[in-house]
Structures are given as structure tokens and as C-alpha cells.
Amino acid sequence: MLLHNAIRDAAPGDLIAVRATDPTTRRDIPQFCHFLGHELVDECEEGGELHFLVRKAL
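Position 47 of the sequence shown, counted from 1, bears residue number 47 in full-length UniProt numbering, the numbering being contiguous throughout.
These aren't lab readings, by the way, just hints derived from the structure by calculation.
Note that the structure is predicted; figures quoted are calculated from it, not measured.
Among these hints, one or two may not hold up.
Listed next, with one range per pair, are the computed distances between beta-carbon atoms [claimed, not checked]:
| id | residue 1 | residue 2 | range |
| --- | --- | --- | --- |
| 1 | E45 | P12 | 16 to 22 Å |
| 2 | L40 | A11 | 14 to 20 Å |
| 3 | T21 | V41 | 17 to 23 Å |
| 4 | D9 | G47 | 24 to 30 Å |
| 5 | L58 | P23 | 26 to 32 Å |
| 6 | H34 | D14 | 25 to 31 Å |
| 7 | T24 | A57 | 28 to 34 Å |
| 8 | E46 | L2 | 18 to 24 Å |
| 9 | D42 | P12 | 16 to 22 Å |
For every residue, glycine included, the Cβ atom is placed at its ideal position computed from N, Cα and C.
From just these sequences and the hints, can you work out the full model?
In C-alpha cells form, the structure reads like this:
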């Protein structure tokens, strides 16, 4: 998962923006954040594209 790589390379507290078209990301990204302790800051849909903002755990 590209998000996993971005989180690994980010500093604690950094924000990572994610854009996706796969509807399963509505389930997967919140679970990913919860399981690994990251914060899902925002989630929305615009024009059929899903947008997520994730803060890397400290």
C-alpha cells in the first residue's frame, strides 16, 4: 500500500494526503489508522474521488 510507504518515510506528526477511487478505501484507511495509531484528520468525497488526510502518530 502506498500509504504505508508514505507513513514510513514521514516524520511523526506529518500530514499525508491520500486520494483514491477504490471504494474499499473508505473502510481500509480508517482501519489502517486505528490499527497503527495514526490519526484520520479528514475524509471527504469530491467528484467520485475519495480524499483522506492522515497524521502520522507521534
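Notebook entry, point to check: Has the hinted range 25 to 31 Å been met by the Cβ atoms of H34 and D14?
Noted result: Violated: the Cβ-Cβ distance is about 18 Å, outside 25 to 31 Å.
Next item on the list: With respect to the beta-carbon atoms only, verify the hint that L40 and A11 lie 14 to 20 Å apart.
Entry: holds, 18 Å
Margin query: Between the beta carbons of D9 and G47, is the distance compatible with 24 to 30 Å?
Written below: holds, 28 Å
Check: Given a hinted range of 16 to 22 Å, is it respected by the beta-carbon distance of D42 and P12?
Finding: holds, 19 Å
Next item on the list: Using the beta carbons of L58 and P23, state whether their distance is inside 26 to 32 Å or not.
Entry: holds, 31 Å
Notebook entry, point to check: Between T21 and V41, does the beta-carbon spacing fit 17 to 23 Å?
Noted result: Holds, since T21 and V41 (Cβ atoms, about 20 Å apart) stay within the stated range.
Notebook entry, point to check: Between E45 and P12, does the C-beta distance stay in 16 to 22 Å?
Noted result: This hint is violated: roughly 28 Å between Cβ atoms.
Notebook entry, point to check: Is it true that T24 and A57 lie within 28 to 34 Å of each other by Cβ?
Noted result: Between T24 and A57, where Cβ atoms are some 23 Å apart, the hint is violated.
Note to self: Assuming the hint says 18 to 24 Å, is it satisfied by the Cβ distance from E46 to L2 or not?
What the structure shows: For L2 against E46, whose Cβ atoms are near 19 Å apart, the range 18 to 24 Å holds.
Hints 1, 6, 7 from the earlier list are contradicted by this structure; the remaining hints agree with it.
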